[in-house]
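K.L.:
As they're listed, the protein sequences go chains A and B. Per our numbering, the first sequence starts with residue 1, numbered consecutively. Per our numbering, the second sequence starts with residue 1, numbered consecutively.
Check before you lean on any hint, since a few could be wrong.
What the hints assert, rightly or not - Once the Cα atoms are required to be at most 30 Å apart in a straight line, the calculated DSSO-like pairs of lysine-lysine come out as:
#1 A:Lys391 to B:Lys21
#2 B:Lys101 to A:Lys206
#3 B:Lys21 to B:Lys357
Unchecked claim - Simulated restraints, written as ranges between beta carbons of each label pair:
#4 B:Arg406 to A:Ser411: 52 to 60 Å
#5 A:Asp353 to B:Arg182: 39 to 47 Å
#6 B:Leu84 to A:Asp353: 33 to 41 Å
#7 A:Gly105 to B:Met266: 48 to 56 Å
#8 A:Glu58 to B:Leu241: 38 to 46 Å
#9 A:Met266 to B:Ser35: 40 to 48 Å
#10 A:Pro358 to B:Lys373: 42 to 50 Å
Since the hints were made in silico from the structure, they are not lab data. Positions of the beta carbon are idealized from the N, C-alpha and C atoms, including for glycine.
2 protein chains.
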Amino acid sequence: MERIEPKRSLKLAPYPEALEKLFKVFQSRSFEYESISVEESIGRVLTEDIIANVDAPERDIAMVDGYTVKFKDVSGASAEKPVLLKIIGKFYPWDNPVGVKLLEGEAAYVTCGAPLPEGADAVIMVENAVFRDGKIEVRRPVKEGENVIHAGEDIRRGDIILRAGSILRPQDVGVLAGLGIRKVNVARKPRVAIIATGNELIELSKREPARIADNYALIVSGLISRIGGEPLRLSIAPDDLDEIKRRIKEALESADIIVTVGGCSMGEKDFVPDAVNSLGQPGVIIHGIRVKPGKVTGFGMVRGKPIVMLPGLLASTMAGFYLIFVPLISLYMGLKVEQLLPTITVRMGHDLDLDEKPLYRFLPVRIKGQEGKLYAEAVPGGPNSLSRFVKANGFILIPPKKRLRREEEVSVTLYSKDEFSRFFD
Amino acid sequence: MERIEPKRSLKLAPYPEALEKLFKVFQSRSFEYESISVEESIGRVLTEDIIANVDAPERDIAMVDGYTVKFKDVSGASAEKPVLLKIIGKFYPWDNPVGVKLLEGEAAYVTCGAPLPEGADAVIMVENAVFRDGKIEVRRPVKEGENVIHAGEDIRRGDIILRAGSILRPQDVGVLAGLGIRKVNVARKPRVAIIATGNELIELSKREPARIADNYALIVSGLISRIGGEPLRLSIAPDDLDEIKRRIKEALESADIIVTVGGCSMGEKDFVPDAVNSLGQPGVIIHGIRVKPGKVTGFGMVRGKPIVMLPGLLASTMAGFYLIFVPLISLYMGLKVEQLLPTITVRMGHDLDLDEKPLYRFLPVRIKGQEGKLYAEAVPGGPNSLSRFVKANGFILIPPKKRLRREEEVSVTLYSKDEFSRFFD
Chain A
1 MERIEPKRSL KLAPYPEALE KLFKVFQSRS FEYESISVEE SIGRVLTEDI
51 IANVDAPERD IAMVDGYTVK FKDVSGASAE KPVLLKIIGK FYPWDNPVGV
101 KLLEGEAAYV TCGAPLPEGA DAVIMVENAV FRDGKIEVRR PVKEGENVIH
151 AGEDIRRGDI ILRAGSILRP QDVGVLAGLG IRKVNVARKP RVAIIATGNE
201 LIELSKREPA RIADNYALIV SGLISRIGGE PLRLSIAPDD LDEIKRRIKE
251 ALESADIIVT VGGCSMGEKD FVPDAVNSLG QPGVIIHGIR VKPGKVTGFG
301 MVRGKPIVML PGLLASTMAG FYLIFVPLIS LYMGLKVEQL LPTITVRMGH
351 DLDLDEKPLY RFLPVRIKGQ EGKLYAEAVP GGPNSLSRFV KANGFILIPP
401 KKRLRREEEV SVTLYSKDEF SRFFD
Chain B
1 MERIEPKRSL KLAPYPEALE KLFKVFQSRS FEYESISVEE SIGRVLTEDI
51 IANVDAPERD IAMVDGYTVK FKDVSGASAE KPVLLKIIGK FYPWDNPVGV
101 KLLEGEAAYV TCGAPLPEGA DAVIMVENAV FRDGKIEVRR PVKEGENVIH
151 AGEDIRRGDI ILRAGSILRP QDVGVLAGLG IRKVNVARKP RVAIIATGNE
201 LIELSKREPA RIADNYALIV SGLISRIGGE PLRLSIAPDD LDEIKRRIKE
251 ALESADIIVT VGGCSMGEKD FVPDAVNSLG QPGVIIHGIR VKPGKVTGFG
301 MVRGKPIVML PGLLASTMAG FYLIFVPLIS LYMGLKVEQL LPTITVRMGH
351 DLDLDEKPLY RFLPVRIKGQ EGKLYAEAVP GGPNSLSRFV KANGFILIPP
401 KKRLRREEEV SVTLYSKDEF SRFFD
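Chain A with its partners taken away, still in its complex shape:
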């Protein structure tokens, strides 16, 4: 039997240093964008400021159903001295009263949202006037501009409506469409190739004794799609250097970012870092980070494309995904991590002891409501526990040598926006 020893030893980088190296790689990146139809832009990231090219509303409109008047005509109106005004027309929101002018002593019926004719400067609510024989009787004054929405009151031509770097929501898209904007420039969705490695893995559609379903790649792929990337799940690579090189090469053709799962630890079968290094400069940039779990996570660059090496045990895979991949893809899209993943402040549900090692800890937690407040509770589990991540909603990143106390406020990053639906289980 051959000698049993680690294939490599890792010099662990402090986590902040690993992040700094990530920032350096992306600091001078220019974003690739594409022009798409506004109607299809929900969830996409704007790469331009959107400036209003029209006023909204485009002209003065009635805020209520009623009668539009010149406010001066009724300034002396009272129950004792009612003012009579002649109704000259009826205007609906779809009317275009160009050329119609309200003269002294005249009024017009308007419905909510109708444009006002020239010369009109106030609207009397329908219940505050009496209509009879083509005239209205007004018994109290109105203020100038009362019940009128003025042109440009909501949005003024030239206003910045939405800024570059915003993720578009349904109402944003509706507002853009309402202003007559048909196309917007958005960041291209990064295509992320996922390569799972390991002789023990088997495609999900198959099943064999002693082989493990390739479900981590499925989790990674689902999480990527939930934060705005376009995942491409490639077939499983066996523990073979040439085969892993071939897969990464293939992925470099079709993807913007590559994620490997497994094969980056210190064992004799861990070929991923070698493959990355053999494919071009600079190759591996960081391999080994002072975090727990997830310490064998790494990343590199080959042919200008980032490669993230995630460890192959679920707790470590998740740690590497959230601590390295998510910051990387947010930089790639010009976003902050907080824009991709909700971060909430809750109270710690229990004490958590110090870990003496100088490591950041990735602690899976579950959010629980208790007497109207939200608490975080650690969810324990082995390195490849599946149930742990079904029970947990997010994680706390605990800095080195920090202990947590019950009732202390902690910041929890949720695994995705989908976690809210589970707070009340």
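Following the hints, complete the assembly by docking chain B onto the known chain A.
P.N.:
Coordinates of chain B only, in the frame set by chain A:
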């Protein structure tokens, strides 16, 4: 000129009464479900409890790289009295050591995740033993089960993994796939037809002076897709009773739920309630709710399908959408509103005065971070302000005769899960 007066008057129902009527309609509903591939089930609602049909892990596995032993063999091991064990083999996670039995005095090399041979009951970490000439020298004892993950320790056959009514997240889907589950029963996505009504409206692709882009339907459609419905935007219906009836009839063929926008106020051109009543029993169930804005919102049932009538001014459309449509679609899918929309507790950023009328108020608010805490600030705006909903992140539902005080804790329902990306603008 004809007489100008409201076409109908509305008897406003208290909001809790309207909700109660909604619950009654749905209380005996059975859910339509479909069986879909696990890989495509992210975001869908489970309609069955998922029970594990295997243990996970399926057998005892090593938690670390090392040597698996019988713990009794090394119970007396120390630096002075090291124990020598013979290495009988090497096991990887993909191995299947059926029939291999560890005898007294034997050990085997195992990598993390590898199944243990029969008779092995502990694992010594690789760094805690010295390998030489086919043997290891062990200098300290291990506990029974140390560094072993036992069969069923993570998930036991028969455990309920996920309950009916859960919205599936990426990690859930990965876990189901890992357990060999290929198909799940999920609620069919409700198809929601959206009919905008109004002569003033024009399709988004066109543009005419004095006509208004049909952007509210686009907003409603986007919000529906974000909460798990399948929106179908139908073409605009003019203010014509027969035409509106025809559209609703058409929608009844293809959709599960119908939403109309506009045409349900008290004016002469408001034909939607008449159309709903003319199409079958019971027709309109509630029309007019003591909420502000949104009071002309209504709902009914025709041919067993719910119809929600939303008002046609944006603030009212949004109020009707969140106060009636969202509770309705959550009942339809067997969910709680909190599963569809995040609700967060923040502090009020300012005082808010009493409204003397006995109305629930739908108050659009913006979430702002300040000294590490989140605050809600009212976002003012006219009844059809577009910018208001670009600035706001959610709403507070204020019960009648309630005033809010600065620093008071309030519950904010976000417009969708997408709002998180905007908290840091």
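K.L.:
Are the hints correct? Go through all of them and say.
P.N.:
Now for the hints, and whether the structure bears them out:
For the hint pairing A:Lys391 with B:Lys21, the CA-to-CA distance comes to about 35 Å; that exceeds 30 Å, so the pair is violated. For a cut-off of 30 Å, the pair hint linking B:Lys101 to A:Lys206 stands: about 29 Å separates their Cα positions. A threshold of 30 Å between alpha carbons decides the hint, and for B:Lys21 with B:Lys357 the separation of about 23 Å falls inside it, so the pair holds. Distance hint for B:Arg406 and A:Ser411: a CB-CB separation of about 25 Å, inconsistent with the stated range 52 to 60 Å.
Hint check: A:Asp353 to B:Arg182, Cβ distance near 42 Å, so the stated range 39 to 47 Å holds. For the hinted restraint 33 to 41 Å between B:Leu84 and A:Asp353, the CB-CB distance of approximately 37 Å keeps it satisfied. Taken as a hint, the range 48 to 56 Å is violated for the pair A:Gly105 and B:Met266, whose Cβ atoms sit roughly 29 Å apart. Separated by about 30 Å at the C-beta atoms, A:Glu58 and B:Leu241 break the suggested range of 38 to 46 Å.
Take A:Met266 and B:Ser35: their Cβ atoms lie about 44 Å apart, and the range 40 to 48 Å holds. A hinted range of 42 to 50 Å for the beta carbons of A:Pro358 and B:Lys373 is inconsistent with their spacing of about 31 Å.
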